[in-house]
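Visitor: Chain by chain, the residues:
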Amino acid sequence: DQQVKQNSPSLSVQEGRISILNCDYTNSMFDYFLWYKKYPAEGPTFLISISSIKDKNEDGRFTVFLNKSAKHLSLHIVPSQPGDSAVYFCAASASSRKLSFGAGTTVTVRA
Amino acid sequence: SAVISQKPSRDICQRGTSLTIQCQVDSQVTMMFWYRQQPGQSLTLIATANQGSEATYESGFVIDKFPISRPNLTFSTLTVSNMSPEDSSIYLCSVDWDRVFNEQFFGPGTRLTVL
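Chains L and B, in that order, give the protein sequences. So the first sequence is numbered by our numbering: it starts at 1 and just counts up by one. So the second sequence is numbered by our numbering: it starts at 1 and just counts up by one.
Hints may be right or wrong, so weigh each one.
[Stated by the list, open to error] Ranges of calculated distance between the beta carbons of each label pair, as one might list FRET restraints:
id : chain 1 : residue 1 : chain 2 : residue 2 : range
1  : L       : Arg97     : B       : Lys7      : 24 to 30 Å
2  : B       : Gln22     : L       : Gln14     : 26 to 32 Å
3  : L       : His76     : B       : Lys65     : 37 to 43 Å
4  : L       : Lys56     : B       : Asn50     : 31 to 37 Å
Hints in this document: simulated from the structure, not taken from any laboratory. Every value quoted in this text rests on a predicted model; they were computed, and no experiment measured them. In this text, a Cβ means the ideal position worked out from N, Cα and C, and glycines have one as well.
The whole structure should be built from the sequences, with the hints applied where relevant.
Guide: Here it is as structure tokens:
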């Protein structure tokens with residue numbers, strides 16, 4: 001069963017605008033959440049994370065929001081740049097330190 | 001962060017054969033993980049490889065099909081045995097670098113095609 005879900009397989013956004021990627025999870029034991037970015041023919045690259053004790057974490061253009069009651073997190077990229085075009089994976093872990101991944105969202109930033 | 005390399009980067013194999021994938025890390029790490037990404041799918045954890053102990057396999061994956069070695073703290077191998085076309089995937093190793101938070105870092109992956 002898919003414990004981490006990214007329901008939007010793709011997102012197209014204009015350069016300079018905001019990209020919002022969404023992720024839902026079902027396992028209430030998850031206490032740490034991560035976003036990874038993946039280019040073709042490369043491994044996933046860690047982007048940003050958030051602990052369940054927080055509701056927001058910001059790193060430059062990237063902000064992750066966590067809504068524990070809704071079991072929902074989102075990644076905001078502002079402003080979007082052409083180099084942001086990639087597949088973005090949401091992941092979650094509990095105390096076992098094993099990661100469960102969503103299916104990914106392909107972001108295309110249009111010039 | 002750790003620098004992780006994998007060999008081979010890609011391979012095309014015949015049905016029924018086996019392929020061993022190597023993962024090398026530039027620093028000593030306790031936990032290493034092996035994932036599979038089938039075409040159009042997400043990353044699925046195959047097993048956790050800890051040095052000095054047997055690998056721990058996830059549901060749906062067995063040691064006979066995916067034997068793993070972890071001879072030291074910087075190296076691991078994953079073998080895909082008796083391959084079939086359904087094993088065509090990208091295989092990735094990762095390490096659990098941060099002792100406080102689970103921020104795994106990934107190798108570049110091995111793209112396997114089975115004919």
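Visitor: Take the hints in turn and mark each one as holding or not.
Guide: These are the hints, each one checked on the structure:
| no. | hint | in the structure |
| --- | --- | --- |
| 1 | L:Arg97 <-> B:Lys7: 24 to 30 Å | 26 Å, holds |
| 2 | B:Gln22 <-> L:Gln14: 26 to 32 Å | 43 Å, violated |
| 3 | L:His76 <-> B:Lys65: 37 to 43 Å | 41 Å, holds |
| 4 | L:Lys56 <-> B:Asn50: 31 to 37 Å | 34 Å, holds |
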